Every structure is written in structure tokens, then in C-alpha cells.
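If you want the building blocks of each chain, they are given just below.
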Amino acid sequence: MGGISPLGSDWQTVRHHLKTNKSAVKTISQWEDIEGLNATVGAPVSNFEIPSSWPRRQRRSMGRVSAMSVMATHLALSQAGLLDDPILNSGRAGISYGSSSGSFDSYDELADFYANRTTRKFTSNSYIKVMPHTSAAAIGIFFGITGRIIPSSTACTSGSLAIGMAYENIASGKQDVMIAGGADELHELTVAVFDTLMATSTRNDAPSTTPRPFDQDRDGLVVGEGACTFVLESLDHAMNRDAVVLGEIIGFATNSDGRHLTRPSGKTVTDVMKLALQDAEIQSNDVGYVSAHGTATEIGDVVESVSTFEVFGGSVPISSLKSYMGHTMGACGALEAWMSIQMLKEGWVAPTLNLDNVDAECAPLNYVREKPLPLKTKYFINNNFAFGGVNTSIVFAV
Amino acid sequence: MNERVEIQNSLTNKLVELFELEADEIQLDSRLYEDLDLDSIDAVDLLSQLKQDTGMVVDPERAKTIRTVGDVVDMLVELDI
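Chains A and B supply the protein sequences, listed in that same order.
Note that this note's numbering numbers the first sequence so that position 44 is 44, with each residue one more than the last.
Note that this note's numbering numbers the second sequence so that position 74 is 1074, with each residue one more than the last.
A few of these clues could be false.
To be verified - As a list, the in silico DSS-like pairs of lysine-lysine whose alpha-carbon atoms are at most 27 Å apart: (1) 1051/B <-> 1064/B; (2) 19/A <-> 345/A; (3) 19/A <-> 267/A; (4) 1064/B <-> 121/A; (5) 121/A <-> 1014/B; (6) 267/A <-> 22/A; (7) 1051/B <-> 121/A.
Stated by the list, open to error - Selected chain A positions facing chain B (Cβ under 7 Å, derived; list incomplete): (8) 53; (9) 56; (10) 120; (11) 123.
The set of hints was computed from the structure by calculation and includes no laboratory data.
Note that the coordinates shown come from a computational prediction; the quantities given were computed from them, not determined experimentally.
Quick reminder that beta carbons are idealized off the backbone N, C-alpha and C, glycines included.
Make the full structure from the sequences, and use the hints.
As C-alpha cells, then:
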């Protein structure tokens, strides 16, 4: 596993943030001149630049999102001991990776086309950087991977859906190894999208007090960024090479609301969690921790908490890591799973920051608050939901 | 002749800037692909950049005949850029 996040890009740094209730949300003064934009808080990954040591031919096609994806994948493959392994170009290793969109870097080149009816700013890479599978393609070329490429461009479930698709490709025997995860880059355009929907937090003067998942005073999400990669492999493949197994995916489900593009539906959100438990062949009371989507939007938190209560009751500990790093969009499912695995391997989980008073509209769950909770459990579930009514649940064993 | 040298110098600078080459490895007879290690994507970007800088219009068939740095200079001279 490898992650690039607003909280850090190695577990020790991330762990320090989580253990000390330290938020990565900041005021972004560069957005203040944008007419009509209300939110000027975000959660950037600091100090990330495309390394100049990477070959020029690799770099030229990368925007920020695909570069972070490649970096996270490099970390993951290194940890797995599979960098330059022959499996990567055997056709038995594939990629399942997603982001909400490609990089915004070259929108300027494309916008010139519309504004001035000219192709003069187009380069060979204008499209490559914005195409939906820009991260998957960049990973494949950087590491010489020759199996399947399955891009998941489903906004906030891009990462979780990608992990699920990777799991199913391995379970069905189509691939032995899958590079799986998601990413997105922080851009003012993304903030404007959510701002227009009145879904962004505007606590611009008090960035560390937002987002506030499940809190009665929440006022919306905060846009973050990052990338996170899992190296998934079949049990046989892992055992044959004596790999250190960090965790196991034992169940996955995805469904869709079929009702409304942005307003979530309780029934299908409940269903997706139940389906994942069925796939995992465990009971709801076997699950010891729920890693919530918890974006801190008005309706999303209510629907999620009620569905979680219907499936798990009110005793299982739940928290939202978005309270520390904002909504990392396509990266969130993968980043939250990575951090949850690491926490549970150490026997604790982080609280939801800024959850001072649970909203009366939210279900009475066992919200972890204020300080880390010591917790020993084998199973946890990671839930994510996206525009278009896309729902995913992944059950992990650690 | 002066104009030709000027064009060659500005092209050399452009190649250095775009493709991280060393100026002294760029000669008139340097082949873009074999000697300078460019590829088709780089060639497209070079033309795209020249178009942006000069406003020139390139005939795709003419562009496909380019092999060396000198060929690019010839084309720019022909187009009277």
C-alpha cells in the first residue's frame, strides 16, 4: 500500500496527524479572487512535485493527478517487493484505477479552442492529461504493466470501485496481481462544482474546525486531494513468493440508486452494505469498525448514518477520516482503507474531528470522538458513495 | 545566411527548452529520432510550439518529410518565418 495524502505520504507522518487530532485543512487565499466562489478552504498535499528524476517521456504526459498516482504506486510496489518483478509484464498483472477526471492542467489548452476557435494551444498531450484513464495509463507505462486496464471514473467512488473491480478480477482468476486505487488533484474547478451545489463548507476563517461529519453544525465538505494504491494479489501468488500479507479483502459490493444524481437514497445505501457482508460471508456483528464516507454534507451524513444503523445497529465504532484531510474525491476510498488497515493493525482507530454535537437527524451510532479509541477487531468495512448514486462497500480483514 | 543562423539558434534553444537536450548535441545534421532521441509525440509538440510562437501553418505532408534539425530549419526558412 502507498498513499500520497494531505496528512502525509508515509504512515508515520499520517499516524502523527491522526493521533494528535491534527487537521490538514487550510485557508487557500489564492481562491479569494474567484467571483461567485464561497469556499476558500481546502486540503492540499504539500510539497508534491513531479520528480525531475523521472524520464522526460514519462513526465511529459503527466498532470498532477497521474503523477501522484504513479508516486503512490511506486511506494506500494516497493513495499510489496514487486518493483521490476516479471509478473508486471507477464499479462497476469493489471491495473484498476480511477479519478473523478483527468488533470486540470491542460483545460486551459482546451478552453482556448472554444474561446478562440483555434487548435494553436493543443499539444500531443492535451487530451492524454485530461482523459478519464490518465492515471491508469500513466501507471501502466511507468511500470511496464501489460495486463488489464480498468479505469473507474466515478467521482467519489473512483478509488473504492477500482479496488472492488480489482478484487473481482483476481477472485475470478482473470489476473493474479492488480494495481488498484484512486486519485484526484485539488483544483479550484472542483471546489466550484461543489460550491455551486451548495455542498462546500465556508468556514473560511477557521479551517481546522471543518469539515464536521455528523455534527449538528456541519456546513458541507472540504475538497482535498491525493492518491493511494493497493497491490492486490491472489492468495496463491502471495504465498508462492512468501509475501508479507498486510490485509485481506473478503467482500465487496457496488450498486446504484437509479433515482437522483446527487441526492443519496437510503434503501440502496443500506443494500450495498448488506451485499458486501453477504459477499464476505460474515455477519454484521462480526464487523468491528466502520470507516465512514462521512463528507459532512447535510443530507449525505443523515442517509449514511441511518443506513449504517439499519445494518449494524448502534454499537459498532464509526469515524470519518475526511474530518482530517477533507474529501480527497477519487482517492478517498483507497486512502481511508489504507489508513484504517494501518490503525487496526496497531489496535486503535481515530476519532472524527470536530464532532462536538451529533446531529439529531443522524442515527445514534457509536461515533468515535475526541480521542483515539483502542480497538481490536479482525473485520472492518469501508463505505463510499458518489454522484450518480454509485455506492460501494468493501469488507477487509486485518 | 544570417537569417538561417538566427532560425537555427532559436530552434536549438527551443529544443533545449522542450526536450531537456544539451545545446552542443544539436547540429544541423542531427536526426531528430535517432540522434536526439525524440519520438512522434515530441515531433508533434515541437510543431505545435512553433505554430504557437510564429503563427505558421504547417502542411502535414511536408512535416512528415522532416528527419533532421536542418530539415526543420529549411521548412522555417521556406515558410519565411
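We went through each hint and held it up to the structure:
In summary, the hint linking residue 1051/B to residue 1064/B is supported, as the alpha carbons are separated by about 16 Å, within the 27 Å threshold. Pair hint residue 19/A plus residue 345/A holds up; C-alpha atoms about 15 Å apart against a cutoff of 27 Å. For the given pair, residue 19/A sits about 35 Å from residue 267/A by alpha-carbon distance, which is inconsistent with the 27 Å threshold. In summary, the hint linking residue 1064/B to residue 121/A is supported, as the alpha carbons are separated by about 20 Å, within the 27 Å threshold.
Under the criterion of a C-alpha separation no larger than 27 Å, the hint pairing residue 121/A with residue 1014/B is consistent with the structure, at around 16 Å. Annotation: proposed proximity of residue 267/A to residue 22/A is violated, straight-line Cα distance about 35 Å (limit 27 Å). In summary, the hint linking residue 1051/B to residue 121/A is supported, as the alpha carbons are separated by about 9 Å, within the 27 Å threshold. A hinted interface residue such as residue 53/A counts as satisfied when its beta carbon comes closer than 7 Å to some beta carbon of chain B; here the least separation is about 12 Å, so the hint is violated.
With a least beta-carbon distance of about 5 Å to chain B, the hint placing residue 56/A at the interface is held under the 7 Å criterion. For the restraint placing residue 120/A at the interface with chain B, the shortest Cβ-Cβ distance is roughly 5 Å, inside the 7 Å limit, so the hint holds. Residue-level restraint check for residue 123/A holds (minimum Cβ-Cβ distance to chain B is 5 Å; threshold 7 Å).
Hint compliance for this structure: hints 3, 6 and 8 are not met, and every other hint is.
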